[in-house]
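Student: Based on the sequences and whatever the hints tell you, model everything.
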Amino acid sequence: MGKENELESTRFFERTAGRFLPPETVTEVVRLILATDFRQPRTGDPDEALLIDLDFSILGAPWPEYDTYRHAVRREYAVVPNDAYKAGRSAVLRRFLSVPLFATGHFAALEQPARGNIQRELELLAASS
Numbered sequence: 001m002g003k004e005n006e007l008e009s010t011r012f013f014e015r016t017a018g019r020f021l022p023p024e025t026v027t028e029v030v031r032l033i034l035a036t037d038f039r040q041p042r043t044g045d046p047d048e049a050l051l052i053d054l055d056f057s058i059l060g061a062p063w064p065e066y067d068t069y070r071h072a073v074r075r076e077y078a079v080v081p082n083d084a085y086k087a088g089r090s091a092v093l094r095r096f097l098s099v100p101l102f103a104t105g106h107f108a109a110l111e112q113p114a115r116g117n118i119q120r121e122l123e124l125l126a127a128s129s
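By my numbering, the letter at position 44 of the sequence shown is numbered 44, and the numbering carries on one by one without gaps.
It should be emphasised that the hints constitute simulated quantities derived from the structure, not laboratory data.
Cβ coordinates follow ideal geometry from the N, Cα and C atoms, glycine included.
Nothing false has been slipped in among the hints.
Label-pair ranges, simulated between beta-carbon atoms:
hint, residue 1, residue 2, range
1, 72, 98, 21 to 29 Å
2, 57, 28, 20 to 28 Å
3, 90, 27, 31 to 39 Å
4, 79, 15, 23 to 31 Å
5, 21, 120, 36 to 44 Å
6, 64, 41, 28 to 36 Å
7, 119, 17, 36 to 44 Å
Tutor: This is the structure in structure tokens:
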């Protein structure tokens with residue numbers, strides 16, 4: 001479960017909106033997109049924190065919405081064998097549970113619902129064959 005999504009997003013941005021913007025704006029937007037890779041250390045930059053919180057907000061959505069999201073994630077990794085997917089996805093979810101998810105007050109209310117959704121998904125992964 002790599003950082004391909006972030007790289008694809010930066011390429012898409014550069015190809016589309018990037019050609020209409022000043023180079024320094026393009027550089028900053030690319031930096032912010034790459035910051036959404038959860039494995040990257042957080043810098044404390046308020047714009048970065050807000051974008052990451054927005055990106056993670058799906059984790060704290062009501063269960064039906066989160067359930068749709070988790071199925072979409074599985075479809076995205078459809079080429080990955082089930083056992084490998086379960087192991088990789090479980091590792092990502094456990095990492096999410098090991099740290100605070102949201103850094104801004106705007107999204108603080110999503111912390112507990114997000115943890116509940118993540119725990120529920122972990123249980124579903126463990127129970128699936």
